Structures are given as structure tokens and as C-alpha cells.
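Going line by line, the protein sequences match chains A and B.
Numbering of the first sequence is given in my numbering, commencing with residue 1 and proceeding in unit increments.
Numbering of the second sequence is given in my numbering, commencing with residue 1 and proceeding in unit increments.
No wet-lab data here; the hints were simulated from the structure.
Nothing here was measured: the structure is a model prediction, and the numbers come from that model.
You can trust all of the hints, since none of them are fake.
Only some residues are given here: those of chain A computed to face chain B with a beta carbon under 8 angstroms: (1) Thr13; (2) Ala45; (3) Ile49; (4) Met61.
The C-beta atom is built at its ideal place from N, Cα and C for all residues, glycine as well.
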Amino acid sequence: MATNCEAIQELLTEYLGETERLSAEERRHVELCPQCCEVAAGENALGLIFAGVLPPADLAMESRVRAAMQTARRRRRLLALLPVAASLFFALLGVVMLGGLPGGSLLALLPVWSSQGWVSLAASAGDWNTVFTTAAGATTALLSPGVLVAAIVVSLLGFAVVAFVARRWRQVSPWHDIG
Amino acid sequence: MIETAHVETLYHDEAVSFEKAPDEQLVRLALDGEEDAFTVLVRRYQRRLTAFLSQLVGDVELARELSQEAFIRAWAALERFDPKYRFSTWLFRIGHNLGIDHLRRRRLKTVALYRTDREGDEVELVVEDQTKDPLGHFENAELAGSLKGAIDELRPEYRELVMLRHFACLSYQEIADFKEMPLGTVKNKLFRAHAVLRKALTAFL
Numbered sequence: 001m002a003t004n005c006e007a008i009q010e011l012l013t014e015y016l017g018e019t020e021r022l023s024a025e026e027r028r029h030v031e032l033c034p035q036c037c038e039v040a041a042g043e044n045a046l047g048l049i050f051a052g053v054l055p056p057a058d059l060a061m062e063s064r065v066r067a068a069m070q071t072a073r074r075r076r077r078l079l080a081l082l083p084v085a086a087s088l089f090f091a092l093l094g095v096v097m098l099g100g101l102p103g104g105s106l107l108a109l110l111p112v113w114s115s116q117g118w119v120s121l122a123a124s125a126g127d128w129n130t131v132f133t134t135a136a137g138a139t140t141a142l143l144s145p146g147v148l149v150a151a152i153v154v155s156l157l158g159f160a161v162v163a164f165v166a167r168r169w170r171q172v173s174p175w176h177d178i179g
Numbered sequence: 001m002i003e004t005a006h007v008e009t010l011y012h013d014e015a016v017s018f019e020k021a022p023d024e025q026l027v028r029l030a031l032d033g034e035e036d037a038f039t040v041l042v043r044r045y046q047r048r049l050t051a052f053l054s055q056l057v058g059d060v061e062l063a064r065e066l067s068q069e070a071f072i073r074a075w076a077a078l079e080r081f082d083p084k085y086r087f088s089t090w091l092f093r094i095g096h097n098l099g100i101d102h103l104r105r106r107r108l109k110t111v112a113l114y115r116t117d118r119e120g121d122e123v124e125l126v127v128e129d130q131t132k133d134p135l136g137h138f139e140n141a142e143l144a145g146s147l148k149g150a151i152d153e154l155r156p157e158y159r160e161l162v163m164l165r166h167f168a169c170l171s172y173q174e175i176a177d178f179k180e181m182p183l184g185t186v187k188n189k190l191f192r193a194h195a196v197l198r199k200a201l202t203a204f205l
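My request is simple: use the sequences and hints to build the entire structure.
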């Protein structure tokens with residue numbers, strides 16, 4: 001009987017003394033057992049006390065949270081545009097380097113050096129060292145060291161930015177996968 | 001996307017309010033840009049979260065600020081929310097962490113409560129209690145005081161479960177998830193905690 005009492009009292013604690021949630025047999029037990037009956041009454045009263053512990057609603061919280069949500073949403077949209085902006089920037093940089101600059105078209109100079117590269121590649125296809133040396137020679141001849149370093153730095157930074165943003169925003173919520 | 005459209009149609013066409021939608025659907029709608037859905041979650045949980053946090057930090061006004069912060073963080077991290085967990089336990093975990101962080105910071109800013117008077121004796125400083133009583137809204141101040149006292153007297157492990165059960169209004173299963181504790185242990189500990197509370201509050205039962 002004692003074990004049964006403890007099991008039923010555990011249930012009464014969970015249901016805050018609501019005997020209606022017990023099975024018919026358990027209810028009968030509570031009616032006949034003074035200890036369980038006392039626990040049921042005590043839990044019921046305790047439930048009434050706990051029913052009043054919630055503070056009144058803060059009506060302004062909703063609007064404050066909403067305002068913060070909109071700010072976050074705007075920031076998110078701006079960040080989402082970064083890869084597009086980075087791509088446009090590099091495309092523009094390419095255009096400028098290959099002929100966009102007035103009187104300074106790099107494209108015009110390219111065939112002279114690139115032909116050497118192609119010849120070298122054809123002559124010794126396996127000799128990548130020659131190819132790279134020629135390409136490096138062509139590049140250094142076309143671009144001053146300062147510009148070259150700047151271009152490398154800008155490219156690396158660009159890749160880093162694109163990689164970071166892509167990584168940050170590639171996550172698709174698992175919610176979207178739920179069928 | 002199709003499912004979201006279906007859910008939206010369901011709510012709009014059948015005039016079923018967001019208020020009645022389960023948390024999971026509201027989260028899904030919020031992820032698809034429906035801010036109203038998240039607002040319903042704020043409305044649904046703000047009192048419970050505030051009550052829980054006010055017990056944790058002992059100040060209802062501060063608890064409101066922390067609750068607000070918890071909602072904002074939940075919104076910002078919604079995409080990373082794992083749907084295999086319940087939204088309620090996730091939200092309360094965010095709130096709980098904020099509360100704990102706040103308590104840690106506050107502990108770092110404490111000042112000595114004693115000073116030395118002219119005779120060289122240590123005198124306790126009287127510090128005005130600036131906190132807002134978490135049970136200040138109770139009509140029966142005596143009951144509020146006794147309840148607070150009874151909860152404070154509980155063993156810490158019982159006190160936290162009582163807070164989660166009656167202030168956060170989490171189910172036993174949600175508490176078990178939150179505490180990563182077997183359901184049976186939660187039941188047993190709450191049973192014992194209630195026995196202590198019933199004894200302490202006999203005068204009001």
C-alpha cells in the first residue's frame with residue numbers, strides 16, 4: 001500500500017491535486033486513503049498559489065522586440081548583398097585592368113607576352129616551371145611591383161570576404177528540410 | 001516553401017489565428033519572414049520567462065530586460081535553432097544563460113558590506129534594496145513573503161526544478177530536456193520539493 005501511495009502522491013504532485021486526471025482505480029484509492037487525500041488537497045491549494053506567480057504582461061516588450069527584429073533584418077539584408085557587391089567590384093576591376101583605363105589598356109600588351117607563354121606551354125607541356133616563369137615574367141612586365149602586390153592583396157582580401165560571407169549565409173535552416 | 005504557403009493559406013483562409021498555432025509552426029513561419037508569428041511567441045512566453053528570470057536574478061524589472069534580450073537573441077539565432085528540440089526549452093536556455101551571465105557580472109561588481117567606524121569596529125552597511133520584488137504583484141503580501149521564504153529554503157537542485165515547473169510553467173518532460181535529466185528523477189525531486197513546500201506553507205493551504 002505504501003509504494004502505491006507514493007506512486008499516487010507523485011502523480012498528485014504532477015497534476016497539482018487534480019484527481020480527475022487519475023485513473024478510476026487511483027481516484028478510488030485517494031478517496032479511501034487519508035494521506036493521499038491530504039496530499040491531493042495540499043497540492044490543489046499549492047497549485048492555486050502558484051497560479052498567481054506570473055507577473056503581469058509587459059505590453060511594451062512586444063513592440064521593443066519587434067523594433068529590434070526589424071533592425072536585425074535590415075542588417076541581414078545588407079550583409080546578404082556583400083557577395084554581390086564583392087563580385088561586381090572584382091568584375092569592374094577586371095574591366096579596368098583589361099582595357100577600361102583610357103590609354104592604358106593592358107589587353108593591348110597581352111598578345112606579345114601571352115604568345116611566349118603558349119609557345120613555352122606547347123614546347124614543354126610538362127614543364128610547368130617554364131610556364132609559370134613566363135607567366136610571372138609577363139605579369140611583372142605588365143604591372144609594376146607595387147600594383148602587382150596591391151592586386152594580390154586585394155584579390156586575397158576579396159576571396160576572404162566572399163568566403164566569409166558565403167559561409168555565414170549558406171546555412172539553410174533545418175526547418176526548410178522538413179517535408 | 002510549399003508547406004509554408006500551405007500553412008499561411010490555412011491560417012488566413014480558415015481564419016485560424018496564429019495564437020493557436022503550435023510553436024514549431026510559428027518558428028517555421030518566422031523563418032520565412034512572418035514577423036507576426038514570432039511576436040506571438042513573444043506574447044506566449046514573455047510572462048513565463050520573466051517569472052523564471054525574476055526568480056533567478058531576484059528583480060522583476062531586470063528580468064523583463066533579460067527576457068527581452070533573450071527574445072532578440074532567439075530571433076537572431078532562429079536559423080540555427082535545431083527543430084529536434086522544443087522551442088520553449090531552447091528559449092529558456094537562452095534566458096537562463098543570460099541570467100547566469102548577469103549574476104556573474106554582478107558578483108564582480110560587489111562592494112564590501114562592512115566599514116570601520118571611528119572606534120575601529122566593523123559596522124555593517126545598510127544597503128537599500130533597489131530590486132523589484134518578483135512576487136510584488138501578489139495581493140497577499142504575507143503569502144508572497146512565505147512563498148519566497150519557502151522557495152529560498154529549498155535545496156538548490158529542488159529550487160531550480162520548482163522555478164522551471166511553476167514559474168517557467170514547463171512540463172515535466174520539458175524540464176527533463178532542459179536539465180538533461182531522466183524524467184523519473186525530475187518527478188521524484190519535484191515530489192520531494194512539493195512535500196517541503198506544503199509543510200512550509202501549511203498556514204496558507
